[in-house]
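Undergrad: Single-letter residue listing:
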Amino acid sequence: MRIIAGEEINALLNTYPRNAMYTLAVMQDMQRQFGYVPREGLDALSGHLERPLSELYAIATFYKALSLTPRGKHIIKVCDGTVCHIRAGTNVLDGIYRALGIGPGEMTDDGEFSLELVNCLGACALAPVMVVDGTYYGKIAPESLHEVFDAIRAEGVID
Amino acid sequence: MNRSILVCCGTGCIANGSLAVADALRVALAGTDVAVEATGETEVKETGCNGFCENGPILRVMPDDISYYKVKPEDAADIAASIGAEPLERLLYRDDNDKPVLRQADNPFYAPQHKIVLRNIGQIDPQSIADYTDCGGYRALERALQMTPEAIISEVEASGLRGRGGAGYPTGSKWRAAMQYGEYPKYVICNGDEGDPGAFMDRSTLEGDPHCVLEGMAICALAIGAQEGFLYIRDEYELALKHVTKAIRDAEEAGILGDSIMGSGKKLRLAAVRGGGAFVCGESTALMASIEGRVGEPRAKYVRSAQRGLWDKPTVLNNVETFANIPVIIGGGGENFALLGTDSSKGTKVFALVGKVKRTGLVEVPMGVTLRRLIFDIGGGIVGDRPFKAVQTGGPSGGCIPEKLLDLPVDFDTLTDYGAMMGSGGMIVMDDRSCMVEVARYYTNFLAEESCGKCAPCREGLRQMLSILTGICEGRGLPGDLEALEEICALLIDSSLCALGKTAANPVLTTIEHFRDEYNAHILEKRCPGGVCRELTGSKKDGTGVTSSKAGKGDLRV
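Top to bottom, those sequences are chains A and B. For the record, in the first sequence the residue sitting at position 68 is 68 according to this note's numbering, with numbers rising by one throughout. For the record, in the second sequence the residue sitting at position 324 is 324 according to this note's numbering, with numbers rising by one throughout.
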């Protein structure tokens with residue numbers, strides 16, 4: 001796990017005015033930059049906005065987009081919308097388990113992949129759908145998932 | 001003749017590789033300079049979603065009006081060569097009689113549609129403000145600047161427009177209420193937190209024609225006297241957020257929005273706000289709490305948001321699709337708009353027709369069209385010509401409608417009378433291999449996870465319902481389960497704080513009403529007629545430890 005420098009957090013905080021309405025936006029930026037919302041970040045934000053830490057913790061645990069623990073280098077989001085569900089989207093979860101050995105909310109031991117089950121991504125025509133690092137994969141055949149993940153692993157971080 | 005090739009770059013087509021197609025086309029066209037004299041310039045333009053996502057990437061050559069489907073980068077050279085010559089038959093859509101279709105208007109998926117909200121999408125580059133103004137954009141705002149707030153609101157009232165987010169509250173009344181309060185500042189909010197599974201019309205609108213939403217919001221701001229506004233956009237909709245943010249910046253730079261709307265001296269500052277991935281934030285008061293930087297919990301609405309909304313100030317909150325209608329109403333007149341639709345529901349509605357239907361996609365039709373026409377004419381019927389079982393409308397707040405009710409007209413009130421609702425317009429078609437008990441369990445699980453937990457009926461009631469439904473799906477159903485479910489449902493309807501809980505009973509009650517046989521087969525015979533529930537079909541789990549029917553997941557939490 002990488003060490004997060006105080007300057008990094010301060011630089012991020014200083015891009016926003018000291019207004020409670022930016023609480024969620026700051027946390028989302030932390031999530032994007034660090035892969036999760038670190039405790040140091042919440043402490044600093046609490047001071048920056050003069051809001052109690054408990055309130056920030058409530059927010060961080062309420063919104064699904066935020067995670068308080070580090071996540072993998074690559075984020076796999078599997079759509080659990082109705083259409084993906086009735087088009088057997090859950091077989092995709094089986095496929096991912098076979099390929100990577102992780103279930104929803106888990107991370108591979110090498111820290112490469114995290115798996116999240118998300119609400120409808122609105123790409124129902126392509127069901128079942130998964131998104132890895134922002135790239136959509138439609139009409140997934142669970143048996144082909146090995147190749148997809150191997151390719152992603154080989155390429156490193158995809159923009 | 002100068003041409004443009006419109007390449008659909010909605011989320012669906014991008015996933016199918018449309019960006020690569022656009023690039024390949026540019027390369028291929030650059031190689032055909034010799035032909036320019038004969039065929040004129042050809043420009044490749046990336047547009048928003050055409051709605052027929054299943055057949056993407058979609059391409060449209062204009063003004064010839066030739067549409068190509070499922071285009072691959074390898075086809076680029078052939079397409080470039082065909083410009084001004086014979087159309088490429090292999091990429092044309094084939095109708096139900098296997099006849100190739102050239103024009104979009106002749107395609108059975110598009111022919112019955114009437115586009116108001118989606119009027120520009122697929123025709124313009126959503127990232128170009130010039131494209132929007134070229135097709136009449138911001139002219140309604142110009143007109144609104146010459147009108148009094150009273151006149152704007154009267155026009156909206158005359159149109160009969162009702163909120164497209166699901167509840168169907170008359171838009172004009174909402175605006176009038178907010179106008180009448182003399183407290184400032186006031187706010188205008190666009191709800192783009194489209195959370196219903198299976199609905200993606202708002203995403204397509206924000207991605208494909210963001211300026212029309214901004215124009216609708218600006219007209220609203222003029223009418224109620226707001227100088228600040230927010231677009232709350234779902235976290236998952238990255239492309240929509242990108243296009244909206246650019247549209248706001250471009251409109252401000254062009255002097256259309258910002259410190260002086262089109263030089264009028266009236267001010268409007270808009271900002272896009274990213275949602276946090278909570279379904280309940282689609283509820284208006286929860287959404288406002290979220291913008292304020294709090295946990296997104298709804299409040300009781302003794303006092304309406306028009307009086308005390310965002311930061312306790314008068315606020316109008318409308319859905320994306322509602323705002324997209326406004327420029328047409330102000331530009332073309334409210335009475336003209338009211339010519340379309342039914343007595344109580346005017347205009348059109350965009351539906352996301354998805355599931356086990358042949359032609360999947362976004363469809364805009366006048367209100368009052370029947371479900372049968374939507375599913376069997378526009379949608380082309382069921383995949384593999386299997387038997388139709390049900391259509392689920394309105395997302396987790398809606399219900400399942402059986403075959404015998406397919407001739408009902410779809411509008412705000414009719415479906416509600418039958419325990420379902422039109423809602424935001426998701427239509428999920430199910431065939432005989434869907435299990436209605438499992439569908440009810442799926443929605444209950446969804447709502448139990450998304451319930452914010454503020455009020456007990458919703459928090460505890462949904463968990464109990466989930467526990468019972470999971471039991472039925474896993475072969476542990478008991479006589480009396482249905483009565484228990486109905487009792488909890490009645491409690492939820494009566495005593496939940498917000499619409500999430502009040503409507504959460506709909507998927508369960510409608511499936512019990514119309515598919516009681518299926519429940520009984522599960523409970524009494526331990527049999528799943530749809531062949532979905534694993535514990536009842538004799539097939540074993542695959543040993544991965546992941547219960548992929550997701551049955552069981554609820555149990556752990558109860």
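Calculated directly from the structure, the hints in this document are not laboratory data. Fair warning: there could be bad hints in the mix.
List time: in silico DSS-like cross-link candidates among lysine-lysine, alpha-carbon distance up to 25 Å [what the hints assert, rightly or not]:
id, chain 1, residue 1, chain 2, residue 2
1, B, 72, B, 45
2, B, 267, B, 246
3, B, 267, B, 242
4, B, 313, B, 454
5, B, 70, A, 64
6, A, 64, B, 454
7, B, 72, A, 139
8, B, 99, B, 72
9, B, 358, A, 139
10, A, 77, A, 139
11, B, 72, B, 358
12, B, 404, B, 358
13, B, 115, B, 70
14, B, 313, B, 242
15, B, 70, A, 139
16, B, 313, B, 266
17, B, 242, A, 73
18, B, 242, A, 77
19, B, 502, B, 454
20, B, 45, B, 246
21, B, 99, A, 64
22, B, 99, B, 358
23, B, 70, B, 45
24, A, 64, A, 77
Undergrad: Check each numbered hint against the structure and report the violated ones by number, ascending.
TA: Result: hints 5, 14, 21 break, sorted rising.
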